[in-house]
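The task is simple: from the sequences and hints, build the whole structure.
Protein chains: 2
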Amino acid sequence: MKSVVLIYSGGLDSTVLLYDCLAQGIKVRTLSINYGQKHSKELLVAHETTTQLGIEHRCVDLSCLGKILNSSLTITHEEIPEGHYEAENMKATVVPNRNMILLSIAAGWAISTRSDAVAYGAHGGDHAIYPDCRESFADALDKAIQLADWHPVTLWRPYVHLNKTDLVKKGMELGVPFAKTWSCYKGGHIHCGKCGTCRERKEAFSLAGVYDPTTYAG
Amino acid sequence: MKSVVLIYSGGLDSTVLLYDCLAQGIKVRTLSINYGQKHSKELLVAHETTTQLGIEHRCVDLSCLGKILNSSLTITHEEIPEGHYEAENMKATVVPNRNMILLSIAAGWAISTRSDAVAYGAHGGDHAIYPDCRESFADALDKAIQLADWHPVTLWRPYVHLNKTDLVKKGMELGVPFAKTWSCYKGGHIHCGKCGTCRERKEAFSLAGVYDPTTYAG
Chain A
20 MKSVVLIYSG
30 GLDSTVLLYD
40 CLAQGIKVRT
50 LSINYGQKHS
60 KELLVAHETT
70 TQLGIEHRCV
80 DLSCLGKILN
90 SSLTITHEEI
100 PEGHYEAENM
110 KATVVPNRNM
120 ILLSIAAGWA
130 ISTRSDAVAY
140 GAHGGDHAIY
150 PDCRESFADA
160 LDKAIQLADW
170 HPVTLWRPYV
180 HLNKTDLVKK
190 GMELGVPFAK
200 TWSCYKGGHI
210 HCGKCGTCRE
220 RKEAFSLAGV
230 YDPTTYAG
Chain B
20 MKSVVLIYSG
30 GLDSTVLLYD
40 CLAQGIKVRT
50 LSINYGQKHS
60 KELLVAHETT
70 TQLGIEHRCV
80 DLSCLGKILN
90 SSLTITHEEI
100 PEGHYEAENM
110 KATVVPNRNM
120 ILLSIAAGWA
130 ISTRSDAVAY
140 GAHGGDHAIY
150 PDCRESFADA
160 LDKAIQLADW
170 HPVTLWRPYV
180 HLNKTDLVKK
190 GMELGVPFAK
200 TWSCYKGGHI
210 HCGKCGTCRE
220 RKEAFSLAGV
230 YDPTTYAG
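One line per chain: the protein sequences are A and B, in this order.
Here my numbering = 1-based position in the first sequence + 19.
Here my numbering = 1-based position in the second sequence + 19.
Since the hints were derived computationally from the structure, they do not count as laboratory data.
This one's a predicted model, so the numbers in the text were calculated from it and none came from an experiment.
Be careful, since some hints might not be right.
Identical copies look the same in the list; a pair holds intra-copy or inter-copy alike.
Here are the simulated BS3-like cross-link-like pairs (lysine-lysine), alpha carbons at most 30 Å apart as the crow flies [what the hints assert, rightly or not]:
no. : residue 1 : residue 2
1   : K162      : K189
2   : K21       : K162
3   : K60       : K86
4   : K21       : K86
5   : K205      : K188
6   : K86       : K46
7   : K86       : K213
8   : K221      : K189
9   : K188      : K213
10  : K205      : K60
Dropping the structure here:
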């Protein structure tokens with residue numbers, strides 16, 4: 020694989036994948052999407068990291084989709100649930116079909132730039148709550164993307180069998196600046212430490228035995 | 020099937036499918052996308068038709084995607100090619116991965132509204148130039164959409180084995196006001212009569228033996 024379009028949120032998972040690509044000498048274009056998420060801080064973080072690395076970064080504004088896609092991540096008056104990332108109430112954070120929308124736009128850019136693949140950092144820990152992070156979904160979408168155009172693009176999802184603890188270990192080996200990645204769903208200035216994704220982040224550092232440089236509230 | 024989100028361009032094919040749904044008593048929500056196409060007249064036509072029928076219609080503005088998706092349909096200085104719809108030079112009109120992007124957004128809205136399916140008017144005549152109108156693509160994407168969320172949505176593509184001539188005949192039976200549908204890629208006030216989609220339209224009426232009420236230039 021020589022070139023990819025990476026779905027880049029500025030979070031831990033996609034930043035590990037970014038460093039992984041660079042370590043393998045793969046040319047990377049990064050794509051972030053503003054879909055009206057409350058935690059738009061991730062978009063600033065994505066911009067800063069890619070600027071520092073000298074990597075092409077595009078941010079597409081799909082915030083108008085917030086009008087048709089119901090989710091506590093996008094609806095202003097709805098609270099982000101607190102609790103474990105895999106808990107039932109976290110389903111409120113699902114943005115309907117978000118990943119297929121992101122991946123299809125990334126595939127369109129990959130076709131336009133004659134890239135080999137779309138790189139997607141979904142991992143095993145996402146599976147409980149988010150059906151569109153699962154392997155079966157990724158397999159079906161990979162097939163559709165390959166059939167979508169005369170120029171074949173594949174969906175590369177190297178972490179689909181790993182969990183977040185594995186990614187922290189991998190990031191450590193690759194020298195990922197974890198402190199510069201953003202996970203929290205709540206949109207504050209520092210990580211809240213209480214939402215599902217903050218808890219998952221903390222737990223992964225702890226289980227990996229890696230120092231967590233994140234500043235959490237409280 | 021009780022309710023669908025219909026990808027609605029205001030063109031002949033999706034208007035036939037709209038009338039087909041209504042004749043079957045299916046509740047329809049219609050979705051149009053502004054992806055920076057020169058022929059934005061189709062969006063006005065879609066708005067007028069759905070308003071007259073009292074059908075919910077949303078138009079999502081993705082014109083910012085024109086920056087990353089190369090196509091003569093969206094690049095201002097590039098000419099729309101003239102000739103037969105199935106000719107090789109028509110490939111310049113392909114918007115990379117457009118259909119997957121539209122379908123994934125429609126699926127997101129279908130999930131949000133607990134609709135049963137996304138309705139998609141792709142037909143057999145689209146296959147030569149547009150890989151993302153083919154049955155194999157629709158089959159793969161149907162599978163991905165069904166796996167994308169806890170609420171299952173299917174991709175309904177009832178015309179994938181028909182051709183445009185069949186659709187003109189079907190539209191005639193359903194009482195579709197053909198004169199109010201828009202096909203031309205060029206973005207003028209009347210159909211140019213020369214671009215691929217105008218030629219395909221003319222040919223379909225002629226082969227179906229149905230009076231063509233379209234005003235063509237020249």
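Practice task
Tell me, please, which holds for K21 and K86 at an alpha-carbon limit of 30 Å: within, between, both or neither?
Solution key: between (38 Å within a copy, 23 Å between copies)
Problem - Homomeric proximity label, K21 with K162: Cα distance no greater than 30 Å - result: Result: close both inside a copy and across copies, 20 Å intra and 29 Å inter.
Practice task
Could you figure out if K86 and K46 sit no more than 30 Å apart (CA to CA) within one copy, between two copies, both or neither?
Solution key: Result: close only across copies, 20 Å inter versus 35 Å intra.
Practice task
Using 30 Å as the alpha carbon limit, work out where K86 and K213 are close: within a copy, between copies, both or neither.
Solution key: Answer is within: at 27 Å inside a copy they meet the 30 Å cutoff, but 38 Å across does not.
Exercise for the section: State whether the alpha carbon distance between K188 and K213 is at most 30 Å within one copy, between copies, both, or neither. Expected result: within (23 Å within a copy, 60 Å between copies)
Practice task
Check K205 against K188 for me: Cα-Cα at most 30 Å, and say if that holds within a copy, between copies, both or neither.
Solution key: Within one copy only: 26 Å inside a chain, 54 Å across chains, cut-off 30 Å.
Problem - Status of K60 relative to K205 across identical chains (alpha carbons, at most 30 Å) - result: within (10 Å within a copy, 41 Å between copies)
Practice task
Up to 30 Å between alpha-carbons, please classify K221 paired with K189: within, between, both or neither.
Solution key: Within one copy, since 16 Å is at most 30 Å while 59 Å is not.
Practice task
Go through the copies and call it for K60 and K86: within, between, both or neither, with a Cα cutoff of 30 Å.
Solution key: both (21 Å within a copy, 23 Å between copies)
Exercise for the section: Check K162 against K189 for me: Cα-Cα at most 30 Å, and say if that holds within a copy, between copies, both or neither. Expected result: within (28 Å within a copy, 32 Å between copies)
The structure fails none of the hints (numbered hints given earlier).
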